[in-house]
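Spelled out, the chains give:
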Amino acid sequence: MYRYDEHDHALVQDRVTQFRRQVERRMAGEISEEQFRPLRLMNGLYLQLHAYMLRVAIPYGTLDSRQMRKLAYIARRYDKGYGHFTTRQNIQYNWPKLEETPDILAELAEVEMHAIQTSGNCIRNVTSDQYAGAAKNEIEDPRIWCEIARQWSTLHPEFSFLPRKFKIAITGCDNDRAAVKVHDIGMIMKRDASGEVGFEVIVGGGLGRTPFVGKTIREFLPKEHFLSYLEAVLRVYNQLGRRDNKYKARIKVTLHETGKEEFARLVEEEWMEIKDSTLKLPKEEVDRIAKHFEPPAFRAVPEVAPTTDARAASDAGFASWLRHNIFEHKTQGYSIANISVKPMGEAPGDATAEQMDVMADLADEFSFSELRVTHSQNVVLPHVEREALPALYDKLVEAGLATANLGLLSDIICCPGLDYCALANARSIPIAMKIAERFTPAKQEEIGDLQVKISGCINACGHHHVGHIGILGVDRKGEEHYQVQLGGSATEEAALGKILGRGFSADEVVEVVDKIIATYLDIREDGEEFIETFRRVGQTPFKERVYGTA
Amino acid sequence: MALLERREDGAAEIEDRFTRLGDDDALPGSGGVLVSYSRFSAEREALLSRDGDLGVWLDSNESPTQLADDLDRLAVVACNFPAFNDGRAFSYARLLRERLGFKGEVRAIGEVMLEQITFMVRSGFSTFELKDLKELDEFKRVCDEVRVVYQPTGDGRQTALQRRLGS
Ligand code: SF4
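Taken in order, these protein sequences are the chains called S and Y. Using our numbering, the final residue of the first sequence is 661, and nothing's skipped along the way. Using our numbering, the final residue of the second sequence is 1584, and nothing's skipped along the way.
It is possible that some hints are incorrect.
Claimed, not checked - Distance ranges between label pairs, derived from CB positions: (1) S/Ser388 to Y/Gly1448: 45 to 53 Å; (2) S/Arg114 to Y/Met1418: 42 to 50 Å; (3) Y/Arg1516 to S/Lys545: 54 to 62 Å; (4) S/Gln146 to Y/Gly1449: 28 to 36 Å; (5) S/Ile610 to Y/Lys1520: 54 to 62 Å; (6) S/Val308 to Y/Arg1516: 29 to 37 Å; (7) Y/Arg1580 to S/Pro407: 23 to 31 Å; (8) S/Ser388 to Y/Glu1430: 29 to 37 Å; (9) Y/Asp1433 to S/Gln146: 21 to 29 Å; (10) Y/Leu1444 to S/Asn356: 34 to 42 Å; (11) Y/Arg1574 to S/Pro393: 16 to 24 Å; (12) S/Glu335 to Y/Gly1583: 15 to 23 Å; (13) S/Glu639 to Y/Pro1499: 50 to 58 Å.
Claimed, not checked - Here are some, though not all, of the chain Y residues that point toward chain S, as calculated from beta-carbon distances under 8 Å: (14) Gly1448; (15) Arg1461; (16) Arg1505; (17) Val1565; (18) Gln1568; (19) Pro1569.
Stated by the list, open to error - Not the full set, but computed from the structure, chain S residues with beta-carbon under 7 Å of chain Y: (20) Gln124; (21) Asp125; (22) Gln129; (23) Trp263; (24) Glu269; (25) Phe272; (26) Arg346; (27) Thr389; (28) Glu396.
By construction, these hints were calculated from the structure, which means they are not laboratory data. We put the CB at the ideal spot given by N, CA and C, even for glycine.
Whole structure, please, built from the sequences with the hints as guidance.
Right, dumping it as C-alpha cells:
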C-alpha cells in the first residue's frame, strides 16, 4: 500500500497545525460558530444531533494493521470505545470533544491518515473496489489511480468550493463492487482494441433525492490523461453546476439539464486545451506510486487445501462462512476473507475498539498486515492462505466476528439515521436490527443473496435506491414512517428501485419485508436470486402479497 | 474595506486606483474606473478610448472568456464572490491567467474569506478586497500555512511531483 513520502507527510502535518489554530480561535471566541463552520467542515468535523462527529478518510478503503490499531486507540481514548464504518470507506467517531479534535488529527497524521475533504463541497475521499489488488479478473490495481487522484484533489485550489460535494470511484474489474455508476465520476479500467489500458469515464450518477445512474461520456481514456480529463470535467462542472438550489447542484443534475452529448462536448473542448499540460502524468511518477501497490510476498502454495476442505466437510458453520465470506483470490492457494461487522443485534458498521484491535492482529497474522473497509460497511483481509482459513475462522468466532452473512439479508447497509443524524426523518439502525433478527441464519441462507439498504431520510446515505429491497425513512405527520422499494442494484447492472406503494409504520415494515421474501421464495425458479426473480416478474406479485391487491 | 496585494513575503495594503462605478454613475474625466460587465458591453468604445485605466468586474455567472478580445486593454479584472461558497471565480482566475494570458491585476471582491486566500493566490488572484484590515497580519500566515502543493497551476509554485522528479 501507499506510504507517504516527506511531501505527503509535510502537507498533512501542516494541515493539523492549521486546524489546531482554527480550533483555538474558536475556543477563545475570536471567531463565531458561523465563521468556524466552513473551516471545521474542511476537516470533516460535523455538528450532529448530540455532539460533534469526526469523519476520517480511509483512502480507497485500504489500511494496514498499524492504522487500524490507531483507529482503535482513538475510539478508546477520544470516543466512547467504538467507531462507525460508513458506506464511503470512511470511519466516523460520534463523540469527540471539539478541543480534542486537533489531537485526534495529529494522532492520525502519525500513521499517514487524515480527515481532509471528508465533508464540504469538494472532492471527497476517492473510493474503490475493496478487493483491489486481490481480485481475480482485475485489469490493473485501481488504487494506483485512486492515490494519484487523492493527491491531485487534496486542497485543490480551484475545486474546493464546488456547487456541491463530489465523489469519485474507480474500479479495475468488470465486476463492479465500487458502485461506480452511482458516483459523480465513476471510472472502470479497461483495454482498448490495441490492448492498451485506460478508463471508461462515467459521469452524473448519484443517489439522494434525485437518483440517477451515471452515463458514459468517454469510452476510453488513455492513462496518461487521467488527471487532465478529471480536471476538465471538474472545471466544466464548477462553472456550469447550479448554485441557486442545493438540491439541484450535483453534477447529475448538471448533466441531466445540459444533456449528455453537450456536456461531453464541453468536457472534450476543455480537455483539448489542457491535455498536454503539466497535468500529463510522467511514467516515472505512475511507476513510483504503482510500486507501493505491488503484491506482497505470496508463498508458493498448492491449490488444494486439505485442512480447510476437511473442516468444511465436518463443520456446517465453517462451511457456511466459507461459502459466504470467502472470495477467490488471484493467487493460487490464497483467498479473500470478509469479516462481517454486522453481527446480529448490533448497528451495521459499528466496531468496538477491541474488535478493531483483533482485526489488526489477524491482519498481521494472516494477511500481510493489510485490511480493507468496504462500501457495504464490512472489513476484508485481502490475502489469506486458503489452508489458514480454519485458524482464522476460529479466532474470528472467539472475537464474535465470524458472522457468515456476507451478501445475505442481514448484511444490511444502513445510515446512522435518527439515532445520530440531525437531518433524519426516522431511525434506521433499529429497523436494520429488527430485520436481521427476524430471519435465522438458516433462513437467510435459504433466501440467498439479498441486499437490504436503509436510509433515514431522502439524502440516501444508506443507498436505499440501489438496494434489492430499499427502505426509506419519511416523516408522516410527525411520525416515523417507511417507504419500501424493490429492484435496485449498484453493480455493473446498476438500477434504481421502484417504490412499492404507500408507506408503513416501524412495526409494519418488518412484516412487509417478511411478505416480500415469502413471495420470492414461493415464485423463484431454480437457482434464481431475489434480484433475478424481481427482474423476471416485476412488482405485481410482491404488491399483491403486501397490500392484498394488485 | 482594505485592498491587499500579494507580495513575495506576504502582502501589503495598497491604495485603490480604481473608482467602482455603478451602471448609471457619470464617467469621471480621468482616473481609473472599474465597471460591471454589462456596462462594459454597453459602452465598450467610450470606455476603452477614455483617458485613464479601465477595469471590469465580473459577477460569478460571467466568464472572463467574454473579455478575451479586450484583455490587453484592461488594467484589472475583478471577480466577485457573492458568497464564500460560490467557487466559480477560482476557475475564472485560472482561465484568465493560464488560458487567456492576462498579465494585469486580478482582484478578488465580495465575500473574500481569509482561509481561502491561498486557493485564490494559487488560482491567479493578485489583489484582495478585505472587509477588515486586521486580517493583514493573518494574511502572510495563511499563505504559508501549508508548505506542500500537489496541483500545477499558473502560480508557478513547485509541486510535490516536481520536487520528487527533481530530487
Ligand atoms: S440518509 Fe438522512 S438520516 Fe441517514 S445519515 Fe444521511 S442525512 Fe442522515
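Now the hints, each set against the structure:
One distance hint, 45 to 53 Å for the beta-carbon pair S/Ser388 and Y/Gly1448, is violated here, with the actual separation near 39 Å. For S/Arg114 paired with Y/Met1418, a C-beta distance near 48 Å keeps the hint of 42 to 50 Å intact. At about 57 Å, the beta-carbon gap between Y/Arg1516 and S/Lys545 stays in the expected band of 54 to 62 Å. For S/Gln146 and Y/Gly1449, the Cβ-Cβ distance of about 33 Å falls inside the hinted range of 28 to 36 Å, so the restraint holds.
For S/Ile610 and Y/Lys1520, the hinted distance range of 54 to 62 Å is satisfied, since their beta carbons lie about 57 Å from each other. One distance hint, 29 to 37 Å for the beta-carbon pair S/Val308 and Y/Arg1516, holds here, with the actual separation near 31 Å. A C-beta distance of roughly 29 Å is found between Y/Arg1580 and S/Pro407, which places it inside the suggested range of 23 to 31 Å. A C-beta distance of roughly 35 Å is found between S/Ser388 and Y/Glu1430, which places it inside the suggested range of 29 to 37 Å.
Distance hint check: the CB atoms of Y/Asp1433 and S/Gln146 are about 25 Å apart, consistent with the given range 21 to 29 Å. Distance hint check for Y/Leu1444 and S/Asn356: the Cβ-Cβ separation is about 38 Å, which falls inside the suggested range of 34 to 42 Å. Look at Y/Arg1574 against S/Pro393: about 18 Å separates their beta carbons, and that is inside 16 to 24 Å. For S/Glu335 and Y/Gly1583, the Cβ-Cβ distance of about 20 Å falls inside the hinted range of 15 to 23 Å, so the restraint holds.
Distance hint for S/Glu639 and Y/Pro1499: a CB-CB separation of about 55 Å, consistent with the stated range 50 to 58 Å. The interface hint given for Y/Gly1448 is violated, since its Cβ lies 33 Å from the closest Cβ of chain S, which is over the 8 Å cut-off. The beta carbon of Y/Arg1461 comes no nearer than 24 Å to any beta carbon in chain S, farther than 8 Å, and the hint placing it at the interface is violated. Taking 8 Å as the C-beta cut-off, the interface hint given for Y/Arg1505 holds, the closest approach to chain S being about 6 Å.
Proximity of Y/Val1565 to chain S holds as hinted, the smallest CB-CB distance being about 4 Å (cut-off 8 Å). Among the interface hints, the one on Y/Gln1568 holds; its C-beta lies about 6 Å from the nearest C-beta in chain S, closer than the 8 Å criterion. For the restraint placing Y/Pro1569 at the interface with chain S, the shortest Cβ-Cβ distance is roughly 4 Å, inside the 8 Å limit, so the hint holds. With 7 Å as the threshold, the beta carbon of S/Gln124 stays out of range of chain Y, its nearest partner Cβ sitting at about 9 Å, so the hint is violated.
Interface restraint check for S/Asp125: the shortest CB-CB distance to chain Y comes to about 4 Å, inside 7 Å, so the restraint holds. Evaluation of the S/Gln129 hint against chain Y yields a held restraint, the C-beta minimum of about 5 Å falling below 7 Å. At its closest, the beta carbon of S/Trp263 sits 6 Å from a beta carbon of chain Y; the interface hint therefore holds under the 7 Å criterion. The interface hint given for S/Glu269 holds, since its Cβ lies 4 Å from the closest Cβ of chain Y, which is under the 7 Å cut-off.
With 7 Å as the threshold, the beta carbon of S/Phe272 comes within range of chain Y, its nearest partner Cβ sitting at about 3 Å, so the hint holds. This hint holds: S/Arg346 has a C-beta 5 Å from the nearest C-beta of chain Y, less than the 7 Å allowed. For S/Thr389, the interface hint holds, since its Cβ comes within 7 Å of a Cβ in chain Y; the closest pair sits about 4 Å apart. Proximity of S/Glu396 to chain Y holds as hinted, the smallest CB-CB distance being about 6 Å (cut-off 7 Å).
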